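Build out the structure end to end from the sequences listed, making use of the hints.
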Amino acid sequence: MSVETSKQPALTGTLPTELIRLEGVTKRFGDNTVLDGLDLSVDAGRHVTLIGPSGSGKTTILRLLMTLAKPDEGTITVDGQRLFPAPERQVREVRKKIGMVFQQFNLFPNMSVLRNLTEAPVRVLGLSKDEAEARARELLDLVGLADKCDAKPTRLSGGQQQRVAIARALAMRPQVLLLDEVTSALDPELVAGVLDLLRDIARSTDITMLCVTHEMGFARDISDQVLMFDAGRVIETGPPEKIFGDPEQERTREFISAVL
Amino acid sequence: MTWDWGAVADFLPYFFEGLVVTLEALALGSLIAFALGLVWTLLMRTPTRWVRWPVGVFTEFVRDTPLLVQLFFLFYVLPEAGVTLSPLTTGVLGLGLHYSTYTMQVYRAGIEAVPAGQWEAATALSLPVRRTWTAVILPQAVRRVVPPLGNYVIAMLKDTPMLMTIGVLEMLGRARLVSQQNFQFTEPLTVIGVAFVVVSYLASLCLRTLERRLVR
Amino acid sequence: MTAGLWELVLQGIGTTLQLLVYSALLAALVSFVVGAARTHRSRFVRFLAACYTEVFRGISALVMIFWVFFVLPVAFGWQLVPMWAGTLALGLTYGAYGSEIVRGALTAVDPAQREGGIALGFSSWQRLRLILLPQAVPEMIPSFSNLLVELLKGTALVSITGMGDLAFSGNLVRLALQQSGQIYAYLLLIYFVIAFLLTRGMRVLERRLKAEVAR
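Protein chains in written order, with my numbering: chain A, 14 to 273; chain Y, -3 to 212; chain V, 21 to 235.
No wet-lab data here; the hints were simulated from the structure.
All of these numbers come straight from a predicted model, not from anything done at the bench.
Glycine is no exception: its CB is placed at the ideal position from the N, C-alpha and C atoms.
Some hints here could point you the wrong way.
[Said to hold, decoys possible] Over 12 Å on every C-beta distance to chain Y, these chain V residues come out as not near it, computed from the model:
hint	residue
1	GLU27
2	GLY34
3	ALA128
4	SER143
5	PRO158
6	LEU229
[As the list claims (entries may be wrong)] Keeping only pairs whose Cα atoms sit at most 30 Å apart, straight-line, the calculated DSBU-like set for lysine-lysine is:
hint	chain 1	residue 1	chain 2	residue 2
7	A	LYS142	A	LYS110
8	V	LYS230	A	LYS165
9	A	LYS161	A	LYS110
10	V	LYS230	A	LYS161
11	A	LYS142	V	LYS230
12	A	LYS142	A	LYS109
13	A	LYS161	A	LYS142
[Stated by the list, open to error] Here are a few chain Y residues that face chain V, going by a calculated C-beta distance under 7 Å:
hint	residue
14	VAL73
15	LYS154
16	PRO157
17	PHE192
This is the structure:
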């Protein structure tokens, strides 16, 4: 099935340009079809939230875009460049445009917080060490952890680790930021801090965001568009007011009343 | 390089003789290693430190020093003490003793891996000590013990050529003898090299299958 | 025993230690190259590396030594200095065992770390060098410590080829004194002391590396 993104102009007011395109993407794990011939298009600068019951394929989309998994069928294009199928070198080019924040943070325990932020810009983007460090300190300041530069990630709380992980993803200046249930592994009292930070980022940058979350309040705040998933398909799409206020599909209504 | 299939054919009868001796040494050595390792394990579980300490030091000593030198020691010192043994018997004793210090670790790990709750449950059911061991602990430990024991048998196989140095004509000893008689080293030595790879690979395949069954 | 004979033993210790260091270095190199290759994404590379491990682990170390000392010169015309022949035979054999250690430790690193590396655009080589190995190496030390003791024991095998290591010096002393094998008791003691020092040294190294990562 095909899902049209909303036709409103992008936030900047210029003509919307398509950044991400999935066509006929199917992904199976054994007999289980997680994504079933999915078509999806996301314009630059949009903040898109993916909701739906667990196992409905939301996380798989993020993992396909990050090339952590390969689709069985279909094509994926990011910023006009093929991501799948594509030669390894092109894949690496496209990866630089995409950042991801994981449920379990995935910080590198063998590096200090600062090196977690500088290593990739230096080695992958070719920034000088000074440049990368200056930017890393700026970002750590932004996430409120400027004093933790030299600490090892394992010494930080879950909320602090996740804020470092967000800063690490931003250090690569990605065009797209993928957020995979970034608050699911956090203690309840730490969730708000991370969500506030993401709200700030959504408001103050033009990064395209794809977000899988169970925090409906957060989804309503940051997104321009919400996709409702069920059994490997998008069954409904629209602006948050519509999806959360007056959904068309009965399945969406059930899901939202169950999680709210 | 020249390869002479004739030399291979000439060597084959001797090769099989050597293979039989190798397997014989391996089988007897394994039996000793399994039994003696159990003795060490039990001694290490006695309450008195005066037993545990010497046994611990002795077994670590045997484990951390070359089997080759141990074989020389046994071969030249035992007759001094009035014990005259054939080279094969000496070799088997050496192998068995050396590997018993490894099997004891396997047994210990196997016993320790049985959860403490099993001991407690047996106590709660007031099973006698003997029943606790035979009906509860050992059946669970055996499953964890068999695969590593098998690995040590394979390791022992690869150490059997050392018996050559005290005059046992196992595979390598045979190969050396034939090589020296004919001045052709390449074929006999390559044949037994291949034989070792094949035998140990097959053995490890069998072991993996067995392991999968036991785990299930 | 005369002073001259003790000198012989001392020289033997020197040769054994030299052989131990060289073959340990070669074995470490082989371990990391083959071990990393066994986690490579190309199935072909993995297959080749697995073949290496099976073959060189399967050949008995002593057979390997015979092969390098007696077959290589005849069949390929490679006449190596005994020290290098011993290093080659032991390094290749024990490297095969070591590759299992490296592979095991690499696969034991949380797969999330690999994904974190992909998400930041690191190449597979960068992921290995910057992320996986620094986390895996401290976990390898206890196994490498055991392997090092096995290698020390393995060095005694070169004495069979007439190389003057510690075990060989024992044979000379026994012949010189026309005595039974009591000298071998001394040799065993010397080997034990070396092994003891090696394992304690590795324990210190392990503690340092773990502290480095956890700090």
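Subject >> chain V contact restraint for PRO157 (chain Y) - C-beta distance below 7 Å >> reply: 4 Å, holds
Original post:
Holds or violated: is the Cβ of SER143 (chain V) farther than 12 Å from all Cβ atoms of chain Y?
Top reply: Answer for SER143 (chain V): holds, closest chain Y Cβ roughly 34 Å.
**OP:** Confirm or reject the statement that LEU229 (chain V) sits farther than 12 Å, beta carbon to beta carbon, from all of chain Y.
**Re:** 23 Å, holds
Original post:
Given the hinted pair LYS142 (chain A) and LYS230 (chain V), is their alpha-carbon gap at most 30 Å?
Top reply: 27 Å, holds
Subject >> Beyond 12 Å from every chain Y Cβ - status for GLU27 (chain V) >> reply: With a cut-off of 12 Å, GLU27 (chain V) remains clear of chain Y, as the shortest Cβ separation is near 19 Å.
Original post:
Does LYS109 (chain A) lie within 30 Å of LYS142 (chain A) when you go C-alpha to C-alpha?
Top reply: 18 Å, holds
Original post:
With a cut-off of 7 Å, does the beta carbon of LYS154 (chain Y) approach a beta carbon of chain V closely enough for the hint to hold?
Top reply: Since the shortest Cβ distance to chain V is 4 Å, the answer is holds.
Original post:
Given the hinted pair LYS161 (chain A) and LYS110 (chain A), is their alpha-carbon gap at most 30 Å?
Top reply: Since the Cα atoms of LYS161 (chain A) and LYS110 (chain A) sit roughly 27 Å apart, the hinted pair holds (cutoff 30 Å).
Subject >> Satisfaction of hint between LYS165 (chain A) and LYS230 (chain V), Cα-Cα up to 30 Å >> reply: Cα-Cα ~13 Å, so holds.
Subject >> Assertion that GLY34 (chain V) lies outside the chain Y interface [Cβ separation over 12 Å] >> reply: 17 Å, holds
Subject >> Restraint status (C-alpha distance of LYS161 (chain A) to LYS142 (chain A) at most 30 Å) >> reply: Satisfied, since the Cα-Cα distance of roughly 19 Å is no more than 30 Å.
Subject >> Interface hint for VAL73 (chain Y), Cβ within 7 Å of any Cβ on chain V >> reply: Holds, about 5 Å.
Of the numbered hints given earlier, the model fails none.
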